[in-house]
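Participant: Sequence:
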Amino acid sequence: MRLRGRKGIRENLESQPELVVLDATPHRGNWKAFFGNDNPIYVELGMGKGRFISQMSVRNPHINFIGVDMYDELLRRASEKARLAWEEKGVDAPPNLALLRANIEGIETMFAPGELERVYLNFSDPWPKSKHARRRLTHERFVSKYKEILNENGEIHFKTDSQSLFEFSLNSFADMELVMRNISLNLHKDGPREDLVFTEYETKFMEKGQPIHRVEVVIGEEALRQHRARKQESLRAEAAASLEQDDSED
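Residue numbering for the sequence shown follows UniProt numbering, starting at 1 and increasing by one per position.
Quick caveat, the hints were computed from the structure, so don't treat them as lab data. This structure is a prediction, so every number in the text was calculated from the model and none was measured. Be a bit skeptical, because a hint or two may be false.
What the hints assert, rightly or not - Here are the computed lysine-lysine pairs in the DSSO-like style, where the Cα-Cα straight-line distance is at most 27 Å:
| hint | residue 1 | residue 2 |
| --- | --- | --- |
| 1 | K147 | K32 |
| 2 | K147 | K129 |
| 3 | K129 | K49 |
| 4 | K231 | K147 |
| 5 | K231 | K208 |
| 6 | K32 | K7 |
| 7 | K189 | K204 |
| 8 | K145 | K32 |
| 9 | K49 | K208 |
| 10 | K129 | K145 |
| 11 | K32 | K49 |
| 12 | K32 | K89 |
| 13 | K208 | K129 |
| 14 | K49 | K204 |
| 15 | K129 | K204 |
| 16 | K208 | K189 |
| 17 | K89 | K49 |
| 18 | K7 | K49 |
| 19 | K49 | K145 |
| 20 | K49 | K189 |
| 21 | K231 | K189 |
Using the sequences and the accompanying hints, generate a full structural model.
Facilitator: If you want it as structure tokens, here you go:
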């Protein structure tokens, strides 16, 4: 991606230490100190211009969010979006959001084991050539890193417009014997899912009628326990409803 940044962009980022983090190393294992609380931490890897992560932080004030990207210009744009999003709440600096300049390749150097609760992968580069498969953010080498830094409630939420990347990702998760739920091949086929926050790309694709693919991957032990409990409860409810229908027919 080529981005033409404004003059003085680095100075702009350095002037926002309460929002923009240019070096994750001092915060590894201590991100809760940066936010000043013990709330769960959700991270978006490849945040782009920051619409998704900014809106998520506004909608969920009791969760801490970190948007990660490697381009200064994208961090600048994201910082503007974040401040505008919170301005409507009468807040100058988002209290539960950090924008981190970093290369995702080194994610294990940014976060300690068990430090995160959720990883968002939104419209990641599909790297369509087979020889570039290892660069896909749902490749096993990346997912193994996510598993390490996610806690007992850990999940991965993945969205893409690329059918080939989605197929690759489902196979990647399955090969690692990970539990998947809420798999959707056309997320907005019945109309926009207003319960979800859209990225800039997502809005464009929806306007063009392109299907959005989505899946949630359950990683942590407690998240798995809750998932299985809900599944069992759903099965019991279905069985009870079936018995009730049989009785009424008799």
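Participant: Straight-line Cα separation of K49 and K189 no greater than 27 Å?
Facilitator: This hinted pair holds, its Cα atoms lying about 26 Å apart.
Participant: Keeping to a limit of 27 Å between CA atoms, is the pair of K32 and K49 held or broken?
Facilitator: Given pair K32, K49 holds - Cα atoms ~24 Å apart, limit 27 Å.
Participant: Please verify whether K32 and K89 have alpha carbons no more than 27 Å apart.
Facilitator: holds (23 Å)
Participant: Check the hint pairing K129 with K204 against an upper bound of 27 Å on the C-alpha distance.
Facilitator: holds (24 Å)
Participant: Quickly compare the C-alpha distance for K208 and K189 to 27 Å and report which way the hint goes.
Facilitator: holds (12 Å)
Participant: For the pair supplied as a hint, K7 and K49, confirm whether the alpha-carbon distance does not exceed 27 Å.
Facilitator: Holds: K7 and K49 sit about 18 Å apart, inside 27 Å.
Participant: Is the straight-line distance between the alpha-carbon of K231 and that of K208 27 Å or less?
Facilitator: Measuring from Cα to Cα gives roughly 35 Å; hence the hint is violated.
Participant: Taking 27 Å as the top limit, are the C-alpha atoms of K129 and K49 close enough?
Facilitator: It holds: about 26 Å lies between the C-alpha atoms, which stays within 27 Å.
Participant: K49 and K204: Cα distance at most 27 Å?
Facilitator: Within the cut-off at roughly 14 Å; holds.
Participant: Take a quick look at whether K129 and K145 sit within 27 Å of each other, Cα to Cα.
Facilitator: Status holds; Cα separation ~23 Å.
Participant: With a cut-off of 27 Å on the C-alpha distance, tell me whether K49 and K208 pass.
Facilitator: Within the cut-off at roughly 20 Å; holds.
Participant: Holds or violated: K145 with K32, Cα cutoff 27 Å?
Facilitator: holds (20 Å)
The earlier numbered hints that this structure contradicts are 5 and 6.
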